[in-house]
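Let the hints inform the model, and build the full structure from the sequences given.
Just so it is clear: in the sequence shown, position 136 is 182 by my numbering, and no numbers are missing.
Keep in mind that a hint or two might mislead.
As the list claims (entries may be wrong) - Estimated spans, in silico, between C-beta atoms of each pair:
| id | residue 1 | residue 2 | range |
| --- | --- | --- | --- |
| 1 | 157 | 218 | 36 to 44 Å |
| 2 | 102 | 212 | 22 to 30 Å |
| 3 | 375 | 254 | 16 to 24 Å |
| 4 | 220 | 374 | 45 to 53 Å |
| 5 | 331 | 373 | 35 to 43 Å |
| 6 | 269 | 373 | 31 to 39 Å |
Hints are computed from structural coordinates only; laboratory data are not their basis.
The C-beta atom is built at its ideal place from N, Cα and C for all residues, glycine as well.
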Amino acid sequence: MKTRLSWWVYLVLGLGIFGYQWWSLRPTHQPDFQFDGPALVIHGGAGVITRENMTPAMEKLVRTSLERVLDSGYAALARGESRMDVVVRVLGMLESDSLFNAGIGAVVTAEGQAELDASVMDGETKHAGAVAGLQHILHPAALAREVMMHSDHVFLVGAGAEAFAQERGMGLVPNDTFLTHRRHAQYAAWAEQHKRGTVGVVVRDAQGHLAAGTSTGGMMGKRWGRVGDVPVLGAGTYADDAGAAISCTGHGEYFIREAVAYQVNAQMIWGQKNLAEAAHYTLFEVLNADAGQGGLIGLDAEGHAVMTFNSPGMYRGAKGVEVSSKTGVPTRYVGIYGLQE
Numbered sequence: 047m048k049t050r051l052s053w054w055v056y057l058v059l060g061l062g063i064f065g066y067q068w069w070s071l072r073p074t075h076q077p078d079f080q081f082d083g084p085a086l087v088i089h090g091g092a093g094v095i096t097r098e099n100m101t102p103a104m105e106k107l108v109r110t111s112l113e114r115v116l117d118s119g120y121a122a123l124a125r126g127e128s129r130m131d132v133v134v135r136v137l138g139m140l141e142s143d144s145l146f147n148a149g150i151g152a153v154v155t156a157e158g159q160a161e162l163d164a165s166v167m168d169g170e171t172k173h174a175g176a177v178a179g180l181q182h183i184l185h186p187a188a189l190a191r192e193v194m195m196h197s198d199h200v201f202l203v204g205a206g207a208e209a210f211a212q213e214r215g216m217g218l219v220p221n222d223t224f225l226t227h228r229r230h231a232q233y234a235a236w237a238e239q240h241k242r243g244t245v246g247v248v249v250r251d252a253q254g255h256l257a258a259g260t261s262t263g264g265m266m267g268k269r270w271g272r273v274g275d276v277p278v279l280g281a282g283t284y285a286d287d288a289g290a291a292i293s294c295t296g297h298g299e300y301f302i303r304e305a306v307a308y309q310v311n312a313q314m315i316w317g318q319k320n321l322a323e324a325a326h327y328t329l330f331e332v333l334n335a336d337a338g339q340g341g342l343i344g345l346d347a348e349g350h351a352v353m354t355f356n357s358p359g360m361y362r363g364a365k366g367v368e369v370s371s372k373t374g375v376p377t378r379y380v381g382i383y384g385l386q387e
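And the structure:
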């Protein structure tokens, strides 16, 4: 009787320990979507974005713009355009929209000039290109790709980057091109206080390969040639098929210090976290400890997608066919405010 009782005690203890270990190792955060096949996720900046500081007209403009970009990018993926082509296409559309702080409509430096930064990265090859301090390039993301594809370098800055652009057949534009083309007149005054506009995209192609890109006008009133996280690979942009494609938005100094985009990948590859866990840990544990606010979007090779932020809001969207879909019709999502939206 005593032997039988001991056996049951050991069995119960063993099952309890196993159950505890299983429970403690379970995923604690889940992706926002899981897509089957081509997909993309975009953002238009994170920050103090609340219903209280958005008029219905402004909200409609933002939603319409994000929907238009998602539809164009997804259609390009569906007809077989390469992942890097789609990254540049999507960023080019966002750079052309004065709603966002990238390209046309960019904020200005202390000297009243627009200075633009961008980076792109391919997850299969790990090839990348980045540019910073541009004053006369209409589409910085396109130039970043030129650096990636047609130079021996990764990162070009200022006048040298613009000279390279001319060698590649890209024209220069006057700096006031970025400052005066406000497509939405009612947005101009509101933008000076509430513009949150670094733009980014992450892409998964039909073969499961990844790519990412980010573009920005930087911080309002920046001085001394300040450069934020956007063109810094591993801080604002990173892509690795073994981990995820990541694009970040927020206070760049904090994202640089914590190498946020790379850290998400490292948490996945070395820390054995899923994408959602890695994104949440990086933003809410690592970045919050440094008092940094912002957000990120991510896609992994299995189609898991996240749009994670620790700020009040983030312009964001995603499109693709969900794994759970019974119709094969793509889902299109656009959000602005908190995660409860």
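Verification of the supplied hints:
1. 157 / 218: 36 to 44 Å: Roughly 19 Å apart at Cβ, these two residues miss the hinted range, so it is violated.
2. 102 / 212: 22 to 30 Å: Given about 44 Å between the Cβ atoms, the range is violated.
3. 375 / 254: 16 to 24 Å: At 21 Å between Cβs, range holds.
4. 220 / 374: 45 to 53 Å: holds, 47 Å
5. 331 / 373: 35 to 43 Å: Given about 39 Å between the Cβ atoms, the range holds.
6. 269 / 373: 31 to 39 Å: For residue 269 and residue 373 the Cβ distance comes to about 53 Å; the hint is violated.
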